[in-house]
Amino acid sequence: MPADTLRNQTRNPGMPLDTAMFEGHRINRLATERRAASLVSRRGVKKLHQAAWLVNAIRCIDLTTLAGDDTKGRVRRLCAKARQPLAPRIADALGLNPTVGAVCVYPTMTRHAVHALEGSGIPVASVATGFPAGLMPLRLRLEEIRYAVDEGAAEIDIVITREHALRGDWSALHDEIAAMRDACGEAHMKAILATGDLQTFGNVYAASMVAMQAGADFIKTSTGKEGVNATLPVSLVMVRALRDYLDATGHRVGFKPAGGMKTAKDALNWQFLMREEMGRDWLSPDLFRLGASSMLADIERQLDHFATGRYAAAHRHAIA
Amino acid sequence: MTTITDILNTMDYGPAREDDAVAQDWLARHLAGLGHFIDGEFTPAGETFAVRNPATGGAIARVTQGTAADVERAVQAARKAQPGWAALSGHERARHLYALARHVQQHARLLALLETLNNGKPFRESRDADLPLVVRHFYHHAGWAELCEDEFSGKVPHGVCGQVIPWNFPLLMLAWKVAPALAAGNTVVLKPAEYTPLTALAFAEIAREAGLPKGVLNIVTGDGETGAALTGHPGIDKVAFTGSTEVGRIIRRQAAGTGKALTLELGGKSPFIVLADADLDAAVEGVVDAIWFNQGEVCCAGSRILVSESVAPRFETLLRRRMATLRTGDPMEKSTDIGAIVHPVQLDRIRRLVDQGTAEGAVLHQGSAPEGCFFPPTLVTGVEPASILSTEEIFGPVVTLTTFRTPDEAVSLANNTRYGLAASIWSESAALSLDVASKLRAGVVWINATNVFDAAAPFGGQRESGFGREGGREGMAAYLTGKPAQTGDETVLLPVSGLPGDAPMPGGIDRTAKLYIGGKQVRPDGGQSFTVRGSKGPLGLAGIGTRKDIRNAVEAARKAEGWSAQTGHARAQVLYFLAENLSARAAEFARRLESFGQSRRDAEAEVEASIRRIFWYAAQADKIDGASRQPLRDHLVLTVPEPLGLIGIACPVAHPLLGLLSLVLPAIAAGNRVVAIPSQAHPLPATDLYQVLDTSDLPGGVLNIVTGDRDQLARVLAEHDDVEAVWYAGSAEGAKAVEQASAGNLKQTWCLPGATDWSAAQGREFIDRAVQIKTVWMPFGG
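Taken in sequence, the protein lines are chains A and B.
Count along the first sequence starting at 1, add 108, and that's the number in the numbering used here.
Count along the second sequence starting at 1, add 1, and that's the number in the numbering used here.
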């Protein structure tokens, strides 16, 4: 259903580095945390609306496997789940059969995923640029992007060089990400900031802004491999950065939290955040993705309960 | 019918109501009408009035209109129970308060639902803000009950407290009043607000369930008349009121001269200052918490946004966008931000003020609100400091926005108000925000936060926002007393007369005792003097001070603000120097005291005691310390004792030197400036002091002395709007007049019998009276 929605969006063309857009920007950590906490306690959905919001979450999930033991078989199983995230009886009860936003894999798994998803319209996203640490020569990282695109990836999740951000070398960061964007060509680029490594909200905001100035289509929190991955407060900082970028340039950039989100409640909370801070448009897969692997299972359980009125058991649902 | 596909298009939140079954059961149980809670039992319902759910307008219960007889019975029950309650050990009282905390916790959902049904606030706020604070308050004060004897040794409870609370946080205000009162050993008669009595009655049931002894807590429902019967009841020892400044003033006048202790927590028009280096998103969210929390029905609501011109356009854009996402409506809905206004009467008041504001030219920006007793979130621009929407407390979701150029201008605008309850500062610079915090006239200052509360952090105001603190050590102290020892009766005062005396003055070169204003000796404005009599006839003439002399003295004291900014060490140095210079002239002062009829020994003893007293306050001057508290994680809370400002002091007749110094020294040691009226009958020891003050480097204007008719001059001071406090040591009638007149600007008063034992009148209490606590909240996190 959400196939290739990315294609409909006018891409962020980026701009030259403009440090004035983030230097001197102040972020108060406790106030940010307070807002993130109140944001999710101020909104609630029940029954039919909750079901709809969970279905929407499925449409925005980048169903992910990024493990050292990934195999063709593992990727095929994941893709099967991506095509049919809900057991048919649940889909029947809901009256619709959603598919996920994308499947996200390592570059060498891309071809397997593309084959497994053939005809589904579900795009394949590949991580690249020496994921997760990114500490490879730039030449090789760019080559890896081109490889993944050649393998059929429609979306590339790149990682930034944290050193540039931590040292405040914004022009190096801008140059690097812009080069990656070039290497992506038609493929859409998500820039992973690894916010757990950047630590301060000031760094996160600045890195978000530089990534957008360098032409990122999405900004993404984490690789899933940092000590701390997606949190609501850090997401709030990044979403406000993309709002400020939109206000300044008129270009719409998407947001992808990733890592650490496991529950249906998480899926609702991050959607509340997008709805409240950015509005309806940022609840579509062209501007919002949830990078997760186990979250889908919990969503399916909740929707089963909605459909049947009975609490569900995980073993009765197909595993990803 | 709505389908999932429809919802996927709109991504609306849809309906999600709280289940209020348990509250409906409670209302059904009391369908016949509710009586008062007196002496551990509910009385049968008397003449009742309807209690409504403001969100629907429907009547949900009937409660009894309390009569004077009901109040009488409740006060008697409290009186009867008080000695036994106070006689319990602190530990035993602690067990009771602990039980109250636990039982409230067990019934938290019922109480939160009832609160929302009765008050109209969003259930989310009742559940997540009000109830946790209520429970925390009882736990905290269970601790104070346990520690009371250790931490407040020598203090005793007042006795019976009459407490009147408002409708905006019905149960929380009950907790703020009841918990410290009971912890200290007082018993209570409490009247909840007319609009919102239900949680107080449910709390009474819970207290009964928790085994609180009979008569310790009594609840009488009713309207303002019932409240007046309670606060005016002669059997009440302490009155505590939270509510409007208007009613606070009436209660102040009513209590004048009765000897009742009084604390008032009144209105506000609190500034919300956004400095140029603020996190603007954080500040925008702060506005939501400041004025769109609890429908803006918050005494400390940040209702005046002051924003730096350099960031004002962006700030306003962000704020207006945020306002558009607020949802006003059914308070039981999970996604409601702003609930119902408590009562149509209050809604009318908000509308009337907003209409007046727009008539003056204010520009409204509003969110949406449904039909009924609701008011949309409202941002007002185009207002000036004199606009009605800038000066009047609205008690609704209405906030003004004006700009400033510099932090100094922000401070001036912030302090340009009759009120002084709270303030909020937004800046990422610790240096700048603390500087601004130190200059604000407010009892509570939040830096990068707003409307944060905790039982351990004192809360309360200055100026017309009232006096006294609730919460923490200071809040406990307000429910304890230690009466100073009294010796005999007040000396009878002869009238001050400007007619020439009937006997010759002593020989020698004529020394004219003038007034001492702004560090200079000046003639009284009226050009009149009165004869000062000693034990053996006239001693000399002293000036008859007038209203204008008081006015001039207050102006001089106002200008001497440098004294308040001095370090304690610097003030101590001046005081030590004063002691040194007084000591050098000890014999002369002793002779002066002798001339009023004291024995030589007594006179020398008074001078010696005076010198010691100066040393004692010099020693204290650099030890008037605040404290830091950590009520919440990552929140540093400073309680800073600040001088009151300008204190008028009417001195006792007896002990013309020691009496004056006993009151003046703590005041100036703490950084206040003083206008003193010395002993009316024996002013000459005070006028002799002028030269000592001059030689001691006391800056002009710090201590001003106006001789003359004590009660007349004290009244002028009490009526003066630019005087922060009046201390009065004299007659009961004089005290009453001072307390009554102080209602004008709700200044603090402290009335002591003239016949206080002045030899013992020294101690921390005097300093505590000379300062007010500013509670500064500093959340941190990098």
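To be clear, the hints were calculated from the coordinates, so they are not data collected in a lab.
Ideal placement from N, C-alpha and C gives every residue a C-beta, glycine not left out.
There's no promise every hint is true.
[To be verified] Derived DSS-like pairs (lysine-lysine); straight-line CA-CA distance at most 30 Å: (1) B/K624 <-> B/K440; (2) A/K370 <-> B/K624; (3) B/K440 <-> B/K537; (4) A/K155 <-> B/K335; (5) B/K549 <-> A/K154; (6) A/K180 <-> A/K154; (7) B/K335 <-> A/K373; (8) B/K515 <-> B/K335; (9) B/K549 <-> B/K515; (10) A/K333 <-> A/K154; (11) B/K515 <-> B/K81; (12) A/K154 <-> A/K370.
[Unchecked claim] Ranges between beta-carbon positions, derived for each pair: (13) B/D769 <-> A/G387: 45 to 55 Å; (14) B/E247 <-> A/L204: 56 to 66 Å; (15) A/G227 <-> B/D129: 44 to 54 Å; (16) B/R315 <-> A/S279: 22 to 32 Å; (17) A/V336 <-> B/R315: 25 to 35 Å.
Checked hints:
no.	hint	in the structure
1	B/K624 <-> B/K440	holds (21 Å)
2	A/K370 <-> B/K624	violated (55 Å)
3	B/K440 <-> B/K537	violated (53 Å)
4	A/K155 <-> B/K335	holds (13 Å)
5	B/K549 <-> A/K154	violated (71 Å)
6	A/K180 <-> A/K154	violated (39 Å)
7	B/K335 <-> A/K373	holds (15 Å)
8	B/K515 <-> B/K335	violated (71 Å)
9	B/K549 <-> B/K515	holds (15 Å)
10	A/K333 <-> A/K154	violated (33 Å)
11	B/K515 <-> B/K81	violated (55 Å)
12	A/K154 <-> A/K370	holds (20 Å)
13	B/D769 <-> A/G387: 45 to 55 Å	holds (54 Å)
14	B/E247 <-> A/L204: 56 to 66 Å	holds (60 Å)
15	A/G227 <-> B/D129: 44 to 54 Å	holds (49 Å)
16	B/R315 <-> A/S279: 22 to 32 Å	holds (26 Å)
17	A/V336 <-> B/R315: 25 to 35 Å	holds (30 Å)
Violation of the numbered hints given earlier is confined to hints 2, 3, 5, 6, 8, 10, 11; the remaining hints are satisfied by the structure.
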